[in-house]
Amino acid sequence: MTQDLLPQVRLRHWGRWISGVLIVLILLALGWGAAQGDIAYGDIPYYLRSPIILKGLVGTIVLAVVAQGVAIVIGVLIALMRISHNPVARAFAGAYTWLFRGLPVLLQILLWYNLALIFPRLSVGVPFTGLKILDVETNAVMTTFVAAFLGLALNESAYMAEIVRAGLKSVDRGQIEAAQSIGETPTQRLRRIVLPQAMRVIIPPTGNDFINMLKGTAMASVIGYVELIRAANNISSFNLQVMETLIAAAIWYMVVVTVASVGQYYLERGFDRQDRRAGPPSLRRRLALNLGRPPMVRSPQ
Amino acid sequence: MNDPGLVLDARRITKAYGDHVVLNEVSLQVRSGEVVCIIGPSGAGKSTFLRTLNHLEKPDSGEVWVGGEPMGFRLRDGKLHELSERKVSAQRARTAMVFQHFNLFPHLTVLANVMEGPVRVQRRPAAEVRAEALEVLGRVGLSEKADAYPGQLSGGQRQRVAIARAVAMKPLFLLFDEPTSALDPELVGEVLTVMSDLAAQGMTMLVVTHEIQFAREVADRVVFMADAGIVEQGPVDQVLVAPREARTRQFLKRVLA
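Which chain is which? The protein sequence lines are H and W, in order. Going by the working numbering, the letters in the first sequence line up with residues 1322 to 1622, in that order. Going by the working numbering, the letters in the second sequence line up with residues 5 to 261, in that order.
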């Protein structure tokens, strides 16, 4: 015998409706206002494809990728020195982080770019013999790219060192002991056991930093390196379409940052899957879940 | 070291953390094929002693001879010269250890966990190691879990994989550091069964354990440790049935109560 249940009346969320409508209205008003501006929106698609802007886009991406890549390598080395048993290495790593994290990136870029003022020539030689292995003019080496690269990469490497250190510390001590117990050398333990597990902790903040790096390349415009902002300025200095070119640059920044974010998401998921712990669902799946519909994609076995 | 049957000879091992003496001149010899169970109250130094045997802990003084070689040192001109961590690693590869908390590599499959040492450390051909690893996994009853990840296994299964990983090294002896202490009670049995099988197959084993019943059934020799030293050791019938030392009797009365 089943009991009769009374009908239930769902709670109405009036507050949600009102605030939702309010937000949409404000957005519409802002959009209408923006359309009143004295700006040639129709020219933006042209600037998006302009060879000068595209050259700036390549300049931004290349600088960010090279600087971040080198920063990761240096960061790992500094992190390893920071946790080593050698007190000199530990102190050096600490001082390195202190210095390159402490100075503004813009200042570091300017210092590198103007290096020729104090060292007109760069040479490497054997002391007391006059023998020179390398001897070049500083200005020939210190191009805008190299100066920007050094400023960005060295600053970022100090942050990477901290990220990597946190990652290494996150790996359970028992993992190292287990690797020791089967006879792995310190190098093998690091490469085979510790680093792969530390990656789970290292990747999210590194992706974050890379997105910062993409935007940080804008500072290279100050010394004349052609990236997105410099490219936009190069155009507008001729035709005065300052906002049109800057918005084109802005759109490219958003595209590149979005691509980087998606890449980071899948990189993280890859490392989670390897561990067979519950990782976040794919973007498509998450979208479907959030929209309250059954997933459009088959669930991975 | 002219006795080839002696696989382990620990001589007067001493270890202290600050003022706290954990091991005070502890000596122990183990012969090939022997199963030695180390029992005793917590804080007696059992685990630390076991960990000095493969130099996971370096003793402050004393020598550990493994298969006729001084662990952590090289004998030359009648002196022991300390070895680099790299060289010590090679020495450790002749031993193997099973930990209380399993310490499986979570980013590797079960099979890869078992193959890691033989392939990466002993540099043996992967195909050959693979076949052997599968055979060893069969012996611990986990053939069908070869492609699973540790996170997908129960505690008992994880510990059996850890035992397989140790056995695959073909070590001179196996060290067990409280292998069942972190397990749910209903999972202890499967691990002890695997260990009994290994003992029956002639594996040399040193087991730090709280499982008195297991020691009674499997051990050739029982070592009772307390207060940073060995109080009493001998066959099961002596140490567990008719202990000579008051300290041993007192401990057994408490744990068997």
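Certain hints may be false.
Claimed, not checked - Listed next, the in silico EDC-like pairs over lysine to aspartate or glutamate satisfying Cα-Cα at most 20 Å (straight line):
(1) K257/W <-> D231/W
(2) K91/W <-> E1498/H
(3) K62/W <-> E1498/H
(4) K91/W <-> E73/W
(5) K83/W <-> D64/W
(6) K174/W <-> D1530/H
(7) K174/W <-> E221/W
(8) K62/W <-> E73/W
(9) K174/W <-> E136/W
By construction, these hints were calculated from the structure, which means they are not laboratory data. Given the structure is predicted, the values throughout are model-derived calculations rather than measurements.
Outcome of the hint check:
1. K257/W <-> D231/W: holds, 18 Å
2. K91/W <-> E1498/H: This hinted pair holds, its Cα atoms lying about 16 Å apart.
3. K62/W <-> E1498/H: holds, 13 Å
4. K91/W <-> E73/W: Given pair K91/W, E73/W holds - Cα atoms ~12 Å apart, limit 20 Å.
5. K83/W <-> D64/W: holds, 17 Å
6. K174/W <-> D1530/H: violated, 46 Å
7. K174/W <-> E221/W: Violated, because 24 Å separates the two Cα atoms, which is more than 20 Å.
8. K62/W <-> E73/W: Holds: K62/W and E73/W sit about 16 Å apart, inside 20 Å.
9. K174/W <-> E136/W: The hint holds at about 11 Å.
In terms of the numbered hints stated before, the structure departs from hints 6 and 7, listed from lowest to highest.
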